[in-house]
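For the protein sequence lines, the chains are S and L, in the order given.
Here the numbering used here is used: position 337 in the first sequence is 354, and no number is missing along the way.
Here the numbering used here is used: position 436 in the second sequence is 454, and no number is missing along the way.
No lab work stands behind these hints: they were computed from the structure.
Some clues are possibly wrong.
[As the list claims (entries may be wrong)] Stretches of chain S that chain L covers, calculated by requiring three or more beta carbons in the stretch to come under 8 Å of a beta carbon on chain L:
id	stretch
1	147-160
2	187-194
[To be verified] Here are the simulated lysine-lysine pairs, DSS-like style, with alpha carbons at most 27 Å apart:
id	chain 1	residue 1	chain 2	residue 2
3	S	Lys206	S	Lys193
4	S	Lys228	S	Lys142
5	S	Lys206	L	Lys745
6	L	Lys348	L	Lys21
7	S	Lys135	L	Lys489
8	L	Lys489	L	Lys475
9	L	Lys475	S	Lys135
10	L	Lys611	L	Lys489
11	S	Lys263	S	Lys135
12	S	Lys263	S	Lys193
13	S	Lys228	S	Lys26
14	S	Lys263	S	Lys307
15	L	Lys745	S	Lys142
16	S	Lys135	S	Lys193
17	S	Lys206	L	Lys744
18	L	Lys744	S	Lys142
Predicted model only: the values in this text are computed from it and were never measured.
Ideal Cβ positions, reconstructed from N, Cα and C, are used throughout, including at glycine.
If you want the building blocks of each chain, they are given just below.
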Amino acid sequence: MAEAVVMPKLGNTVESAIILSWHVAVGDTVRPGDLLCEIETDKATLEIESSAGGILLAQLCAAGDEAPVLSNIAVVGSAGESIAEFEPRSYSASGEPPDLPKSPVGDRRGAGLAAPIKISPRARKLAQRHGVDYQNIAGSGPGGRVIERDIERALPDAPAKFTPVAQAMLDSGDYKVAEGHPAGRRVSKADLERVESERFARAIPLTGVRKTIAGRMRESLQSTAQLTLNASADARALQAYRRRLKASDEGLGLAAVNINDLLLFAVSRTLPAFPALNALFENDVIYAQKAVHLGQAVDTDRGLLVPVIRSAESLTLKQLSEAARRLAEACRAGNIQPDELSGGSFTVSNLGALGIESFTPILNPPQVGILGVGSINLKPVEQEAEVAFVPHIGLSLTINHQVVDGAPAARFLQTLSANLAQIDLLLAT
Amino acid sequence: MPKSLIIDPVEARQASVIRAPEIPINAYTPDPAAEAERYSRAGLVNVYRDMLLIREFETALDNFKKQGAYRGVEYNHAGPAHLSIGQEASAVGQCLALEPRDFILGSHRSHGEILAKGLAAIRQLDEDELLQIMQRYHDGAALRVVEALGDFADARALAQAWLVYGAYAEIFARDTGFNKGMGGSMHTFFPPFGIMPNNAIVGGSADIALGMALFKRINRRPGIVIANIGDSSVASGPVWEALNFAAMDQYHTLWDAELGGAPPILFNFMNNFYGMGGQPQGETLGFGMLARVGLAVNAAAMHSERVDGYNPLAVAEATRRKKALLLAGKGPALLDVITYRYSGHSPSDASSYRGRDEIDLWREHDAICGFGDYLCANGHADSAALEGMQECAVTLIEGVVRAAVDLDVSPRLPLDAGGDAIGAMMFSNQRADALDERQPEVLQALEDSRLQVTSGKHRFGLDARGEPLPKLRTLTYAEAIFEAMIHRFYEDPTMIAFGEENRDWGGAFGAYRGLTEALPYHRLFNTPISEAAIVGAAVGYALAGGRAVPELMYCDFMGRAGDEIFNQMAKWQAMSANVLRMPLVLRVSVGMKYGAQHSQDWSSIVAHIPGLKVYFPATPYDAKGMLNRALRGTDPVVFFESQRLYSQPETLFAGGVPTGYYEVEEGEPKVHRQGDDITIITIGATLYRALEAAERLRAQHGLSAEVIDARFLNPLNYTPLVASVKKTGKLLLVSDATERGSFLHTMASNISQLAFDYLDGPVAVLGARNWITPPAELDESFFPSADWIIDTIHQRMLPLAGYQPRTEQGARSISQRARAGV
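Just chain S, same shape as in the assembly (with noise of 0.2 Å):
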């Protein structure tokens, strides 16, 4: 009896995800917890073990199709099983289905055969009529199709005629018609594109962890009245304490304990007075957390990921410079497991490295507040009548000021820059 292997659920929220390659070739064996298939989601890159044994029989989509999760993605049988009823068998919970894999009939058949471009009768007969190749062009119709529209943008001759905004648009000089409008197609705003634009160098369609990034830097500046506050803390301390780790004994394990290790441990012990900016906002409720959880905006090849060190409140420094470090790796291998990028209550985002004095960090919602951290910088300060020149770190604090003021945002930040300048004296609480 063949069976199908689904496509995991990876975490509460994870819809779907791309199957990046396949370990097993169709006709080989497989036994249960062979490595079958390596995917992507918008998080993370994960392998997908085989959870049944024998011949496969089908590989439901092809490498680069994404694929919802807990739909069918290999059939596993004996050799001659049908595997007719394995359709993949669920649609993401919103819009239209899915595009189906690009050839499901050829790899069942064994024959290759590529499943029909989604084209209209009327698309396909002008790009027929005007020698438009259309394999390559991405339909903007429904589910992708591609529709006249699309092919009238892919052709070469250059409009006669303007809707009256089209060529008020076009006498103002600020506007040219797009490029590949065909001839006698009446132009409208639609069809215009401003004159400075760039052609760009090629486009590329958003996917993956890219397409998470858009969709939330998008609603969270759409959902939420974010405010940044600027403050720079007395680094002497920070440096003082920092060299003295790298310097201690090897045993210790605590050479690689470093400033954004030390900010995260001061952050985690700031915070808890300060239950207004640990909090979620959703739904019109505020819930304060107990726990910092806190977030680490990390670099990786594919974009920006936020793994979550849970409770560092909790942890020592070196605990949480270890959990830090162990998160941040995981994340540029891209074998971080999806619940570590989620559930966060507060985030701290390091662009001190790069040189970035300061800056406007973007709330991570439901979170209110996120700290960005800049680099150390001198800054003259005038003690006991002379202007010395004392290092200072920047720091960018975010906030959701739909719930939390700028007054007590304004104490978090004097609180936490007070802590930082007797960093020494904060690790001894």
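Once you've looked at the hints, dock chain L against the given chain S.
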């Protein structure tokens, strides 16, 4: 309803009892001497001869069905044969009292009645007349076959063979049959002899016969109408409705006395004691004797009586007495004619419901043997003469049958050549300003009628700046219907309109305001709440040659008239091979805001039925122009109107509604808004929502939508629809009918095929949800709106930049809803 009839509470509350007339049972007393004088010796012998011929006719069919041969003539008859062997005396006796101008309508078991009526008519018409009828009928096709059969003594002998041949050829589905084979065994008829349609629906002839009787009364035509229907049919709704409709008080209390009273109709129940296998008397009904039913209908008990149908002279005498009453306007009448069929219901009948002994008992009373004995006993014939008559009957039947089964002599309708011979018979497609030449009867001059008021109103609903004019001073959709109605009433003297609340009230929605004052009762009257009989009577009126405009107050009530619309109104033109026409416009009002049983658009159901024309105007211009077109035609039209629109002024046809007469060309859709990007086709009141959506598409999305009102569901010219879709590449169809099975899907499928290469997306159909119509407060969740239209365009064919749909209309919803059955 009429103010002239006072309902007096004192009278209404008075104690008393109902006294009913006695119902005579088998009251006929034979009197050979008087009978000989009345009918003459030859007449009495003809009764015997006719009964013999009928029995031999049926016996031949029985042999063909059961043995595949009759007297060496082999034939496999594929169609039905509901035989009346045993019932001959009832048919022949009835026709002794009738003249050619009297009509009979029958049932599925009416071969005997056809022959009896035809044989009687052949004796009554003069020979020249007979020859002319035979020469003219279908260009003499049957006559040529019969003339070749041999020499006939005279025109009457020829006509007898011709009658028998026409009936057989019809039963055997031949082009030379009375109705070119389109009627067949259960619907054979021949109007020139007063043989009107037989009906395969039990009781189907009752209300149609009533309509023909109304035609005779209203148009002052001679003769009576008889519905020959079975005993079991008395319990069917349409028969009960017809009995009551035929007995309305208004014929005596309100109609012009000079007209002559009630419609001359005899409900003649051929009571063979079986409704297929069920026994109405003793098993499936409780009347004891069918004649009792007359007591329930009116004070005269419908002059009801039971008659011995095994004595042809008893039937003749009773029929003659009823005919006199009917001609005097005292109808309706009811006869319970007891008879018996030896043959089964049909050849498949194993007679499991009755014993051989019962059949034998009746055979002992056999009417033909009995009447033969009567002839001999009274010296009208001897046994040798009787045997000679039997031989004559056999010889005639055998000769005719041989010709009727021969495909060379009696070919079928030529369907291969051209292939559309039946299609050509579905509609008569004629124009007739008037169906009679006399002056129409009216109560006021046209210029004094309410037309004076309506013609003075604004004919277009918007002023020069596009602002709406005051509604009360602007012609509405309902008034446009009035103008079309009154025009034809003053042109065609045969035109009548009836339904619930048509008079005084002016129709439940006021479309007939002003007609009460203009027309006498018999041209515009209220009916009982009997939708089946309303439509059925209209069918009979139209088949008899008049123009009928019945009304159903709500579309939802069509279910009550289902048989009359689907099986009668739709079918008789083709089943008669265009011998008859159906100038009938059924006005049907689609409701709104009245919940699940008063707000449905069933135009799709009607459009599904072959033989009906289906109109659905959406503007006053179209309401008047399309109704004008329907009322001048000769075909059955179901004319849908919408209660959303009755108060709608004309806002789309720039010239407004003309005051004079004009017609909208049948089957032509109307483009109300030009566009290049998408086509929206509407049926009915959704036109206005589509125009709203088109305006929003223009203003908010820079799209130009073409909006077309189909106006007609059948016939329908697809050319302009396809031309539009070829231009735009995208099509959405919308109506208020529920989506599943909507006629829009037929249009979508046809246009997809006709314009496939031009389509830039799937054709979308938008109807009401497949639910009950919810309360008016929830209309938005049920009926298509401008939002739904734009959402569907966005989700199925052309995603609109930055648009947030308000409802789920994606293609996925189609399969989900279908899977759930809603």
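We went through each hint and held it up to the structure:
Evaluation of the coverage hint for the stretch 147-160 of chain S: fulfilled, as 4 residues show C-beta separations to chain L shorter than 8 Å, against a requirement of three. Beta-carbon proximity to chain L at under 8 Å applies to 0 residues in the stretch 187-194 of chain S; the threshold of 3 is not reached and the given coverage is violated. Between S:Lys206 and S:Lys193 the CA atoms are separated by roughly 10 Å; this keeps the pair inside 27 Å, and the hint holds. Note on S:Lys228 and S:Lys142: the hinted pairing is violated, with a Cα-Cα distance of about 33 Å set against a maximum of 27 Å.
Restraint check: the Cα-Cα separation between S:Lys206 and L:Lys745 comes to about 21 Å, which is no more than 27 Å; the hinted pair holds. Only pairs whose Cα atoms come within 27 Å are accepted, and L:Lys348 paired with L:Lys21 is accepted, the gap being roughly 25 Å. Our distance criterion of 27 Å between C-alpha atoms is broken by S:Lys135 and L:Lys489, whose separation comes to about 51 Å. A C-alpha spacing of about 10 Å is found between L:Lys489 and L:Lys475, which places the hinted pair at or below 27 Å, so the restraint holds.
With a C-alpha separation of about 56 Å, the suggested pair L:Lys475 and S:Lys135 falls outside the 27 Å cut-off, and the hint is violated. The straight-line distance between the Cα atoms of L:Lys611 and L:Lys489 is roughly 21 Å, inside the 27 Å bound, and the hint therefore holds. As the CA atoms of S:Lys263 and S:Lys135 are separated by approximately 61 Å, the hinted pair breaks the 27 Å bound. The hinted pair formed by S:Lys263 and S:Lys193 fails the criterion: a straight-line CA distance of about 60 Å is larger than 27 Å.
For a cut-off of 27 Å, the pair hint linking S:Lys228 to S:Lys26 stands: about 19 Å separates their Cα positions. Taken as a hint, the S:Lys263 and S:Lys307 pair is broken in the structure, with Cα atoms around 33 Å apart against an allowance of 27 Å. The hinted pair formed by L:Lys745 and S:Lys142 meets the criterion: a straight-line CA distance of about 14 Å does not exceed 27 Å. Restraint check: the Cα-Cα separation between S:Lys135 and S:Lys193 comes to about 30 Å, which exceeds 27 Å; the hinted pair is violated.
Between S:Lys206 and L:Lys744, the direct Cα distance comes to roughly 24 Å. Compliance with the 27 Å bound is thereby established for this hinted pair. Proposed proximity of L:Lys744 and S:Lys142 is supported: the alpha carbons are some 12 Å apart, at most 27 Å.
In summary, the numbered hints that this structure violates are 2, 4, 7, 9, 11, 12, 14 and 16.
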